[in-house]
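Position chain R relative to chain A; hints supplied.
2 protein chains.
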Amino acid sequence: MKKLINKPEDFVRESLEGMASAHSDLIKVHYDPAFVYRADAPIKDKVAIISGGGSGHEPMHAGFVGMGMLDAACPGEIFTSPTPDQMLEATKCVDGGAGIIYIVKNYSGDVMNFEMATELARSEGIRVLNILIDDDVAVKDSLYTQGRRGVGTTVLAEKICGAAAQQGYNLQQVADLCRRVNLNGRSMGLALTSCTVPAKGTPTFELGDGEIEMGIGIHGEPGRKRQVLKSADEMTEILMRSLLEDTAYSRILREWDEDKGEWVDMELIDPPLLPGSSVLAFVNSMGGTPLSELYLVYRKLAEICEQQGLQIVRNLIGPYITSLDMFGCSITLLKLDDEMIKLWDAPVKTPSLRWGI
Amino acid sequence: MKKLINKPEDFVRESLEGMASAHSDLIKVHYDPAFVYRADAPIKDKVAIISGGGSGHEPMHAGFVGMGMLDAACPGEIFTSPTPDQMLEATKCVDGGAGIIYIVKNYSGDVMNFEMATELARSEGIRVLNILIDDDVAVKDSLYTQGRRGVGTTVLAEKICGAAAQQGYNLQQVADLCRRVNLNGRSMGLALTSCTVPAKGTPTFELGDGEIEMGIGIHGEPGRKRQVLKSADEMTEILMRSLLEDTAYSRILREWDEDKGEWVDMELIDPPLLPGSSVLAFVNSMGGTPLSELYLVYRKLAEICEQQGLQIVRNLIGPYITSLDMFGCSITLLKLDDEMIKLWDAPVKTPSLRWGI
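These protein sequence lines map, in sequence, to chains A and R. Under my numbering, the letters of the first sequence match residues 1 to 357, in that order. Under my numbering, the letters of the second sequence match residues 1001 to 1357, in that order.
For the record, the hints were derived by calculation from the structure and aren't laboratory data. Everything numeric in this text was worked out from a predicted model, so none of it was measured. Check before you lean on any hint, since a few could be wrong.
[To be verified] Derived pair list, reagent style DSS-like, types lysine-lysine, alpha-carbon separation capped at 27 angstroms: (1) R:K1225 with R:K1140; (2) A:K140 with A:K225; (3) A:K46 with A:K92; (4) A:K7 with R:K1028; (5) R:K1046 with A:K28; (6) A:K200 with R:K1002; (7) A:K342 with R:K1230; (8) A:K2 with R:K1002; (9) R:K1349 with R:K1046; (10) R:K1002 with R:K1044; (11) A:K349 with A:K44; (12) A:K230 with A:K46; (13) R:K1260 with R:K1028; (14) R:K1230 with A:K2; (15) A:K230 with R:K1342; (16) A:K230 with R:K1200; (17) R:K1044 with R:K1225; (18) A:K349 with R:K1140; (19) R:K1200 with R:K1225; (20) R:K1225 with A:K2; (21) A:K349 with R:K1349; (22) R:K1028 with R:K1044; (23) A:K7 with R:K1200; (24) A:K342 with A:K46; (25) R:K1007 with A:K230; (26) A:K7 with A:K44; (27) R:K1002 with R:K1342; (28) R:K1092 with R:K1046; (29) R:K1028 with R:K1046; (30) A:K2 with R:K1200; (31) R:K1140 with A:K200; (32) R:K1260 with R:K1092; (33) A:K92 with A:K28; (34) A:K260 with A:K28; (35) R:K1225 with A:K342; (36) A:K225 with R:K1002; (37) A:K225 with R:K1140; (38) A:K44 with A:K28.
Same shape as in the complex, but just chain A (with noise of 0.2 angstroms):
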């Protein structure tokens, strides 16, 4: 392992450390339990947005905390769920009274975790909506998931709905809002290496020369199969294919009903990206593939949305949702409206995401 670590048991704390000295005017850092919340919280009458899951994937989440984005982030352990007092500590230090959404990816963690977060704060009078991100289409369950996993659309809900929140809507509009980015997402990666976890010492996976893991998850989890890696443009459009193909998949999501005072179960089903679709598309490294390779995979991902009529009016290109220093990318398609566009478009100021002002 070749790392710019310390202890290995003592890198996320250490991290949070050089990012709190880094960024003293947008954060802080709350140590124990471990969140990161604006500088300026809590703002009052705002609904405020919360995130959070395992470490190893920065700039996501804390990166993503300030102004027009995330109220609070709860970095837990490398790859290793935070803990509800984690969650819970966050939401009293960020409440504004107007009510909190936690953006969950879906981990099985991650879900049980923010769950009895949301208990313990209505148990507190604080009201909490928690909203799934489940737009990996790679693979129906998987390792640490039952049902899709989420990832990249994550990014863009925590911008689109924490612009909306800057804005002023209430707490149902942001959840429904958050809802809709959810459905409106699909992302599917690839790893061309194994990441490597500071703890463990060794690679997560074993990648023969010249074989690649498509449909990898973020923590290194199987993904659809392992394939020879062959060019840029062809590894492109096999992601490009398994999000397009993906039309109508109908997900059962548990989430919190307000008036019925309980955990109930929601099918939604995924609108398709038909041809004149208005998208984002979103060209992510997991974290080793420098920038110059991520425009070959833009590129050739902009011919073939040319090609189904698809018209990409935003787009975000570099290292935003990663696995530590593992070689590849993924690719998010978001089809927008005019709202998301201009929430999208709105101010945002936070350690890695940044316009506007």
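Chain R alone, transformed into the frame defined by chain A:
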């Protein structure tokens, strides 16, 4: 070699095509000869700033073309200098009548070709001043360099001088500022792994398990020495000590003298980084090293700055001047004055650096 590429010989062009497709609101690409330029160029009566160099260091330089930074960038093939005709055509394209600054990293090929372009442009009646960046304290001469190599300070000079030009500084003022930024900047890097150039397909050099190259060049050139990889804190201490001990280094730079109409040697003495100085701290990924590790380096860097009485008033953390997929990092410390701080904070809108707009 595991990369997302098509044919190695098409890599630079296809990556530029991806950029052009993704950022058509900000930049345009001319392919033969190759240069990237501001979509709104030329801007009448504004000093234009052009940089360039071998590809493989993305986002530098093409990712920094746009409002408040570069007017044009000339990308060579991977780790290969661009040619004088690229520079000349870029110069004619963005010339707004107020003169041109070439920001040139100190590598023999770049220096020679930018000097030739300077003379060609002048013969066509365009005033050009070229300013060398030679901030790498690792070695005095190197594989492709007489004198110090130009590295991280280049990014900072492009931002600060780009803002100055945007605000109406004249040619001589931008040139003087750029020289001052270079003199105030010091950098050094280390590599945990070699990069792999697509056309070669194998690592440029070999590092053993647990071995690093201290003082690495951005093309994989040898640095000061091979040594054992120690903790992030110890690695950061070595880099920082190298920068801080470099207190007075006299350098000879060859520059065009406007009045004499000839090339002259200028002797420059770096001002030391004295206690009480305000600095910009720039922690850069060589490409493969993820953000979470950069924050560990920043954490220790900030601690050392505090011990040394240096006040970090601005910072930049991420992959900005890379070496393809190399694992490793570099640190740049730039001594700031009030003018530079104001220019650093000025709005910028490029594919890879954006704020305030």
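Status of the hints after comparison with the structure:
1. The straight-line distance between the Cα atoms of K1225 (chain R) and K1140 (chain R) is roughly 14 angstroms, inside the 27 angstroms bound, and the hint therefore holds.
2. Simply put, K140 (chain A) and K225 (chain A) have alpha-carbon atoms about 14 angstroms apart, close enough for the 27 angstroms limit, and the pair holds.
3. Proposed proximity of K46 (chain A) and K92 (chain A) is supported: the alpha carbons are some 14 angstroms apart, at most 27 angstroms.
4. Proposed proximity of K7 (chain A) and K1028 (chain R) is contradicted: the alpha carbons are some 46 angstroms apart, above 27 angstroms.
5. Straight-line distance between C-alpha atoms of K1046 (chain R) and K28 (chain A) comes to about 41 angstroms, which puts the hinted pair past the 27 angstroms bound.
6. Of the supplied pair hints, the one linking K200 (chain A) and K1002 (chain R) holds, its CA atoms being roughly 23 angstroms apart against a limit of 27 angstroms.
7. Proposed proximity of K342 (chain A) and K1230 (chain R) is contradicted: the alpha carbons are some 48 angstroms apart, above 27 angstroms.
8. At roughly 18 angstroms between alpha-carbon atoms, K2 (chain A) and K1002 (chain R) fall within 27 angstroms of each other, so this suggested pair holds.
9. Restraint check for K1349 (chain R) and K1046 (chain R): the C-alpha separation of about 17 angstroms stays at or below 27 angstroms, so the hint holds.
10. Distance check on the hinted pair: K1002 (chain R) and K1044 (chain R) sit about 45 angstroms apart at the alpha-carbon level, beyond 27 angstroms; violated.
11. Distance restraint check for K349 (chain A) and K44 (chain A): the Cα-Cα separation of roughly 19 angstroms lies within the 27 angstroms cut-off, and the hinted pair is therefore satisfied.
12. A distance of roughly 48 angstroms separates the Cα atoms of K230 (chain A) and K46 (chain A); the hinted pair therefore is violated under the 27 angstroms criterion.
13. Proximity of K1260 (chain R) to K1028 (chain R) is assessed by CA-CA distance (about 36 angstroms); at most 27 angstroms being required, the pair is judged violated.
14. Only pairs whose Cα atoms come within 27 angstroms are accepted, and K1230 (chain R) paired with K2 (chain A) is accepted, the gap being roughly 10 angstroms.
15. Distance restraint check for K230 (chain A) and K1342 (chain R): the Cα-Cα separation of roughly 48 angstroms exceeds the 27 angstroms cut-off, and the hinted pair is therefore not satisfied.
16. Of the supplied pair hints, the one linking K230 (chain A) and K1200 (chain R) holds, its CA atoms being roughly 17 angstroms apart against a limit of 27 angstroms.
17. For a cut-off of 27 angstroms, the pair hint linking K1044 (chain R) to K1225 (chain R) is broken: about 49 angstroms separates their Cα positions.
18. For the proposed pair K349 (chain A) and K1140 (chain R), the alpha carbon gap of about 40 angstroms is over 27 angstroms, so the pair is violated.
19. Taken as a hint, the K1200 (chain R) and K1225 (chain R) pair is honoured in the structure, with Cα atoms around 24 angstroms apart against an allowance of 27 angstroms.
20. Taken as a hint, the K1225 (chain R) and K2 (chain A) pair is honoured in the structure, with Cα atoms around 17 angstroms apart against an allowance of 27 angstroms.
21. As the CA atoms of K349 (chain A) and K1349 (chain R) are separated by approximately 14 angstroms, the hinted pair is consistent with the 27 angstroms bound.
22. Using a Cα cut-off of 27 angstroms, the hinted pair K1028 (chain R) and K1044 (chain R) holds, with the two alpha carbons roughly 18 angstroms apart.
23. A hinted pair counts as satisfied when its Cα atoms are at most 27 angstroms apart, and K7 (chain A) with K1200 (chain R) does not qualify at roughly 36 angstroms.
24. For the hint linking K342 (chain A) to K46 (chain A), the alpha-carbon distance of about 19 angstroms falls within 27 angstroms, and the restraint holds.
25. Distance hint between K1007 (chain R) and K230 (chain A) is fulfilled; the C-alpha atoms sit about 11 angstroms from each other, no more than 27 angstroms.
26. A distance of roughly 40 angstroms separates the Cα atoms of K7 (chain A) and K44 (chain A); the hinted pair therefore is violated under the 27 angstroms criterion.
27. For the suggested pair K1002 (chain R) and K1342 (chain R), the alpha carbons sit about 43 angstroms apart, so the restraint of at most 27 angstroms is broken.
28. Taking the CA atoms of K1092 (chain R) and K1046 (chain R), the gap is about 14 angstroms. The hint holds against a cut of 27 angstroms.
29. This hinted pair checks out: K1028 (chain R) and K1046 (chain R) have alpha carbons roughly 19 angstroms apart, not beyond 27 angstroms.
30. At roughly 23 angstroms between alpha-carbon atoms, K2 (chain A) and K1200 (chain R) fall within 27 angstroms of each other, so this suggested pair holds.
31. Taking the CA atoms of K1140 (chain R) and K200 (chain A), the gap is near 40 angstroms; set against the 27 angstroms cutoff, the hint is violated.
32. Restraint check for K1260 (chain R) and K1092 (chain R): satisfied, since their Cα atoms lie roughly 24 angstroms apart, inside the 27 angstroms limit.
33. Proposed proximity of K92 (chain A) and K28 (chain A) is supported: the alpha carbons are some 15 angstroms apart, at most 27 angstroms.
34. Only pairs whose Cα atoms come within 27 angstroms are accepted, and K260 (chain A) paired with K28 (chain A) is rejected, the gap being roughly 36 angstroms.
35. Taking the CA atoms of K1225 (chain R) and K342 (chain A), the gap is near 52 angstroms; set against the 27 angstroms cutoff, the hint is violated.
36. Among the hinted pairs, K225 (chain A) with K1002 (chain R) is consistent with the structure: their alpha-carbon atoms are about 17 angstroms apart, no more than 27 angstroms.
37. Of the supplied pair hints, the one linking K225 (chain A) and K1140 (chain R) is violated, its CA atoms being roughly 50 angstroms apart against a limit of 27 angstroms.
38. With a CA separation close to 18 angstroms, the supplied pair K44 (chain A) and K28 (chain A) stays within the 27 angstroms bound.
Of the numbered hints stated above, those contradicted by the structure are hints 4, 5, 7, 10, 12, 13, 15, 17, 18, 23, 26, 27, 31, 34, 35 and 37, listed in ascending order.
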